[in-house]
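K.L.:
Please model the entire structure based on the sequences and the hints provided.
Counting from 53, one number per residue, gives the positions in the sequence shown under the numbering used here.
By construction, these hints were calculated from the structure, which means they are not laboratory data.
Glycine included, each C-beta is placed from N, C-alpha and C at the ideal position.
Possibly wrong hints are sitting among the right ones.
[Said to hold, decoys possible] Just the calculated beta-carbon pair ranges, DEER-fashion:
1) W58 x I109: 32 to 42 Å
2) E80 x I115: 42 to 52 Å
3) A61 x S125: 16 to 26 Å
4) T82 x V102: 16 to 26 Å
5) A120 x E73: 31 to 41 Å
6) I115 x A76: 20 to 30 Å
7) L59 x A123: 27 to 37 Å
8) V110 x R87: 17 to 27 Å
9) T82 x V118: 43 to 53 Å
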Amino acid sequence: SYLLAWLAAALGPFFGLIGVESGADVAEETKDARRVIPKTMFYALVTSIVIELLMYIVYVLAIKDVAAVEANSAAPIEEIITQQAGPVAT
53 SYLLAWLAAA LGPFFGLIGV ESGADVAEET KDARRVIPKT MFYALVTSIV IELLMYIVYV
113 LAIKDVAAVE ANSAAPIEEI ITQQAGPVAT
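P.N.:
Have a look at this one:
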């Protein structure tokens, strides 16, 4: 389903923006926060980097027409999605 694909694609940017700082939000409720929170922030950052990297790899592998993506430099991700989804995306 296209909705499921869209939600999966949105997960990377959403976690990249929100997930990294969520460890700091709960720091005041954590036992031994001085030791636990730096580890949590590091793991959140590494997870975010991995998710973002995988997302970009998928975008690159999904390109059907490189020239069209380069020509649409204002919105390359939109062009890639249009290439994959066809008339459904337009």
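K.L.:
Failing hints, ascending?
P.N.:
1, 6, 8
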